[in-house]
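These protein sequences, in sequence, are chains P and H. End of the first sequence = 774 in this note's numbering, gap-free, step of one. End of the second sequence = 439 in this note's numbering, gap-free, step of one.
One or more of the hints may lead you astray.
Stated by the list, open to error - With a straight-line Cα cutoff of 30 Å, these simulated DSSO-like cross-link-like pairs (lysine-lysine) come out:
id	chain 1	residue 1	chain 2	residue 2
1	P	K695	H	K111
2	P	K255	H	K251
3	P	K342	P	K313
4	P	K392	H	K347
5	P	K392	P	K615
Said to hold, decoys possible - Sample of chain H residues at the chain P side, in silico, Cβ under 8 Å:
id	residue
6	K133
7	V190
8	Y321
Honestly, the hints are just simulated from the structure, not real lab data. Note that CB positions come from ideal geometry on N, CA and C, so glycine has one too.
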Amino acid sequence: MRVKSCIRAVGTVALTSLLLAGCAGTDEPENPGTPPRVRVITTQQYLNTVGNVFGSSVSMDMKFPPLRRTDGLLANGAALAGVTAGKIETFQRAASSIAAQVVAPERRNYLIPCTPADEKKADPECAKQFFAQTGRLLHRRKLSEEELGKYVTSASQAADQLKDFYAGVELTLESMLISPEVLFIVESSDEKPDKNGTRKLDAYSLASRLSFFLWDAGPDDMVLTAAEKGELDSERGLRKVVDAMLASPRLEDGMRAFFDDMLGFDDFDALSKDPTVYPFFTGATAADAREQTMRTIVDHLIHKQEDYRELFTTRETFMSPALAPLYQIPASRGWTEYTFPEDSPRQGLLTQVSFVALRAHPGRSSPTLRGKALRERLLCQVVPPPPPNVDFGKLENPDAHYKTQRERVAVHLEDPACAGCHKITDPMGLALESFDGAGRFRTEENGAVIDTSGELDGVHFTDVVGLGKALHDNPALPSCLVDRLYSYGSGGAAKPSDRPLLKYYTAEFQKSGYKLPEILRTITLSDAFRHVTEVKKVTSNEWHGPTEEIVIDEQLPTTTTVDASSSSHIQTVALTNSHDKN
Amino acid sequence: MSKLTRRTVLRGVVGGAAVNVALPLLNCMLNTNGTAFADGKPLPVRFGTWGWGLGMTQSIFVPKKFGADFDLPEEITALAPIKQHINLITNTQAFRDNYQNLCHYTGWVIARTGAAPKDTKDIPGETIDVTIANQIGGGTRFKSLTATATGDVRNTYSYENSNTPNAPEWSPLQFYTRLFGPDFPDPNAKTFTPDPRIMVRRSVLSGVMDQTKSLMQTVPADDRARLDQYFTGLRHLEQQFQQRLEKPEPIEACVRPGEIKVDPAMGQEAEAIRVRHEMMTQLMVMALACDQTRVFNMAYTNANSSTIKPGYEKPHHTTTHEEPVDNKLGYQPTASWFTRRAMESWAYFVDAFTKVKEGNGTLLDNVFIMATTDHGYARVHSLDHIPIFTAGRAGGQVRTGLHIDGKGTTGCRVGYTALRLMGVDKPSWGVNSNNTSQEIGEILVSRLS
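Next comes chain P alone, as it looks inside the complex:
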């Protein structure tokens, strides 16, 4: 109950804050929160964080290996993903590239807050200033004196060795950028669990949870300062920070990342159309189709703060020169706002190229792929995979002369093994037959007029505009967004026991008029979002340390010419605690 959070709040804030926080009258159900997560940072989170710390001119052109989609989201895979040697190598190369850019002569003057007394020598004071400031942002918390001391010592030793202050900073920064504290987002609590085994996330963990959720980046100075001052512990303080985060332009980064994930737009990376069937559909078309949908979402949900459900009926969007021919409209220069005419079949996200072309075959449309994507991506339903040992050959019987997809997929319904699933994908997919496999509008297929009538969960319609309206009114549409947002923000799939909580969020979403910033506020201010369950930690008896360790002799003398045949081996490999890796 919300009363619970009020009682918690009494301990930390004054009564006036409590009243301002508006605890009374809400009915968040009891929920123990999620397990504390240990998430691996994603490529985009790393890039956004680096951009926020060092500016957007510092960049990298490599991608970390992708996460495995779990319960509808790639983000859910971050709390499970392991890190291979190959992935660490990628992290290291990224770190090396970024560190070199930071200390480059053209950037060092503004990215390093001081100038060394002598560039050829160590300058611990200057290094300390840099690492205290940068380390706090990269570690997402203030470094302890001991931690800071280690970085400074490392930078000084490297500077002495290489006779270059900036090289010392560079190589130490490189190591910081591959620190597990930077690459893993570790959540913890400094509270003892209550009788339900629930604990409040500590302020830094909450700061990171908020920031990666809303901004897809680590917390900035404002959020960290709030955490350090204990502001995140109070309802009022937290609300102030959340409001500021929702008002920040970084919210766009965060919501772009979320919707790209929810809509499965990673599939764009492998999208390919048959050039002989759709010669006009190029890589640029695909990239712009993805961007068009992102711009529509950001404008509709963040700039205009409109009803989420209207994303599926809106005629407003953005157009680029690469997309204009597909939409059969005149091209303009660059990206421009565009509103389709009232009688246009282009209404809502389902009718954008990003949906109808991505969910199609290389050379033709696919009612089944479209229906499946609608069910799985937008309504959070699971369509079972096709059964094995089914003869699909009837779908293209050369004697049948099926002209339209409707006739072809009707065969699915003749076979009971197929019919079960196809009944839940094809009827709404067929309404999208107004668009070919590349997303162009059409009214005929092989000379036959396309019948675009269909049905979604008992609501019948005659065309794609009707489908958009049916989707708009489908209760699963907003509840699916809520489910995905909570999973995404809290770092893992929701459990069946979270149902009352999700129902509460959905009701709040409805009350707000289905406005995205409002549901983000509801989730981030909820008790459940701020609490974690107790997990068994490793006790000292169970603690074995890492599996293997290489001991390398550090005593290498200075320059010499080497005769390879006579060099002695000075490395030894020691197994301190072997596991059978096989």
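Once you have looked at the hints, place chain H on chain P.
Below, chain H alone, put in the same frame as chain P:
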């Protein structure tokens, strides 16, 4: 256990001293059989995998004759130039036991892990290349290398566990840069100038390892295992730094390939995949010749292959299911067209290893490659009559040029054979019905006498 003793260690690297380099590896340095160095150190034996999607058409793929003089039916005529270098084991099975037949998943997962997956997120154990890399991959610059010709970073057959895929190299340009870019330790370089910055890097890395150890003590057990994996990766990175401080031994066969400056066209057309596969193959083969790794994986396509034949509206996977059987031909012509392209690329892959001279023979003499797919007849998702290829002679341990009847036994026998050849000491491999302690004896030289 990893050993770092193969390479010699420089005494004194700070300051970047130029270093004299010995002559490249010449045949005179080898023993009389050309199978080992003159000092008795054997040429390394490597292990690799190759994967293609969607099986084959039995009537036009499976040779009628068994043994050494087997025929090449029309779907595999492309294998003629490499026939003497490969073995084809047909009629193997993947046993799903009590689990569902997960279309385009169960088959390859069993071939690579020895166990049936319970759902499409499950990888029920590390894949065979990981097991072998733990055995033989510890001393080289890369423990293993994985690539795909599809251009899609999600397409891999190599997993440490369900949540830890070994992501493939998908861009020839990036693969080139990783292998032969500025960090490449050219073993035949005229001079060797160690980079003092590498020594600093190695030194600061110890701080990162300390942080990892500390962090491991604060997290739950499952996450500790992930951090342990991270720590192992840091160790490998440390080893890479160390190796870059050492003058590598010359290798005659190692020639840095011409620089790749741009990626080929992306896309899923069969031709684009062929081109990408050839570029990836050339890089992979040279990485092996330069002893940068001893374990490698190449995915020609993923199991659920979405390769396109221009002018045909459906991709490969959909074609196998929806294309009718041509009554005259007796098979699905377009589906077979895709399999033929796969076989051409498999032939290219194997042949590329024969182009590198090593000792008295070629690189192919010192590798063992296992090529697997996901189904027998993909049209009906069959898990029987699955073909598996091997290529190479594993340092003289393997006979090639044979067609072998698997007699409906588990295809994991090929994996078990590979494990034994690579020195992994296991009494058996596989789970439940896929468990086997029976090698493919016909291909083992040791069984001849």
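Here's how the hints hold up against the structure:
1. P/K695 x H/K111: holds (28 Å)
2. P/K255 x H/K251: holds (18 Å)
3. P/K342 x P/K313: holds (18 Å)
4. P/K392 x H/K347: Status violated; Cα separation ~64 Å.
5. P/K392 x P/K615: violated (46 Å)
6. K133: This hint holds: H/K133 lies near chain P, its Cβ roughly 5 Å from the closest one there, short of 8 Å.
7. V190: holds (5 Å)
8. Y321: violated (12 Å)
The structure fails to meet hints 4, 5 and 8 from the earlier list, while all remaining hints are met.
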